[in-house]
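Numbering-wise (full-length UniProt numbering), the sequence shown opens with residue 1 and increments by one.
Errors might be hidden in some of the hints.
As a list, the in silico BS3-like pairs of lysine-lysine whose alpha-carbon atoms are at most 30 Å apart [said to hold, decoys possible]:
| hint | residue 1 | residue 2 |
| --- | --- | --- |
| 1 | Lys-117 | Lys-100 |
| 2 | Lys-100 | Lys-170 |
| 3 | Lys-143 | Lys-83 |
| 4 | Lys-47 | Lys-120 |
| 5 | Lys-143 | Lys-47 |
| 6 | Lys-143 | Lys-170 |
| 7 | Lys-120 | Lys-103 |
| 8 | Lys-83 | Lys-47 |
| 9 | Lys-30 | Lys-42 |
| 10 | Lys-100 | Lys-82 |
| 11 | Lys-30 | Lys-143 |
| 12 | Lys-117 | Lys-103 |
| 13 | Lys-117 | Lys-82 |
| 14 | Lys-30 | Lys-100 |
Derived from the structure by calculation, the hints contain no laboratory data. As the structure is a prediction and not an experimental result, all values here were calculated from the model.
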Amino acid sequence: MLKTFFSEMVNLNIYPVVRTFNIVIDRLCKEGKVEDAEEVMKHMVGKGVEPDIITYNTIMDGYCFCGQREIARIVFDSMINKKIEPDIISYNILINGYCKEKKVDEAMQLFCEISHKGSKPNIVTYTTILQGLFEVGRIDDAKNFFDQMLSTGPTPDLYTHGTIINGYFKYGLVEEARKNLVQARMPRNGFSFVYRNSTNGFPLLRVRSSLPLLHSGTVLFGFSIYPRMIARVDSEE
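Generate the whole structure from the sequences, applying the supplied hints.
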């Protein structure tokens, strides 16, 4: 079917370039058809069109999305073997894949590799690893990693602080969450947005533009103390 599609393009004097193939590959990966996406990549090579970093990143992300991180790593290594240097997106995709499998040590190894390869971790890199550390209960490591971020990394954004506070709430570390709330200086309308929605029964997950996500198991506990946390933050301003 795909070969027919590309043949029809040629019949119409439309010759696919790498961006054309990447669009098709991206669509297939989003539909979970990663093996078909790889077939398209083989087809493009057969037509003399070399895959670029976007091609490889898209396929890697597709495999990680389908829970096949091992194959994503093979694609990553094959990209390097073909002299295509991974960018920070490449590393972030694999780091996220490792963290989802709770293989945080492997994620940290990739994190250390980034600087050695001449690249630089970004806000996504740091936040992803923080999520991974909290997910496996490595609270002290998460604290140290966050301190490292504050010292040498990018400035934490709202989602990073949300990840930290969510992690503390998950393990009942309310005071630590409150301290980070003060440090984050989150907007007041963020408080009212999440607190108001909680009383109306709306979903709390994926609220990334205001207050941090509260772990589903601690939502009631979290909101029972939130007014007191806010009051204490106000008193310290």
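- Message: With the threshold set at 30 Å, check whether the alpha-carbon distance from Lys-143 to Lys-83 stays at or below it.
- Response: 37 Å, violated
- Pairwise hint evaluation, Lys-47 against Lys-83, where the allowed Cα distance is 30 Å at most: Measuring from Cα to Cα gives roughly 20 Å; hence the hint holds.
- 30 Å limit on alpha-carbon distance, applied to hinted pair Lys-100 and Lys-170: Holds, at roughly 17 Å.
- Query: Does the alpha-carbon distance linking Lys-120 and Lys-103 stay inside the 30 Å limit?
  - Reply: 21 Å, holds
- Holds or violated: Lys-100 to Lys-82, with C-alpha atoms at most 30 Å apart: Since the Cα atoms of Lys-100 and Lys-82 sit roughly 28 Å apart, the hinted pair holds (cutoff 30 Å).
- Lys-143 and Lys-47: Cα distance at most 30 Å? 50 Å, violated
- Message: So if I understand the rule, the pair passes when the alpha-carbon distance is 30 Å or less; does Lys-30 with Lys-143 pass?
- Response: 34 Å, violated
- Message: Next pair to validate is Lys-117 with Lys-103; report whether the Cα-Cα distance is within 30 Å.
- Response: Roughly 22 Å separates the two Cα atoms, so the pair holds.
- Message: Check the hint pairing Lys-47 with Lys-120 against an upper bound of 30 Å on the C-alpha distance.
- Response: Violated, because 35 Å separates the two Cα atoms, which is more than 30 Å.
- Would you mind confirming whether the straight-line C-alpha gap from Lys-117 to Lys-100 stays at or under 30 Å? Holds - the C-alpha atoms of Lys-100 and Lys-117 are around 24 Å apart, at most 30 Å.
- Query: Would the pair Lys-30 and Lys-42 pass a check requiring their Cα atoms to be no farther apart than 30 Å?
  - Reply: This hinted pair holds, its Cα atoms lying about 19 Å apart.
- Message: Between the alpha carbons of Lys-117 and Lys-82, is the straight-line distance 30 Å or under?
- Response: 16 Å, holds
Hint violations for this structure: numbers 3, 4, 5 and 11, all remaining hints satisfied.
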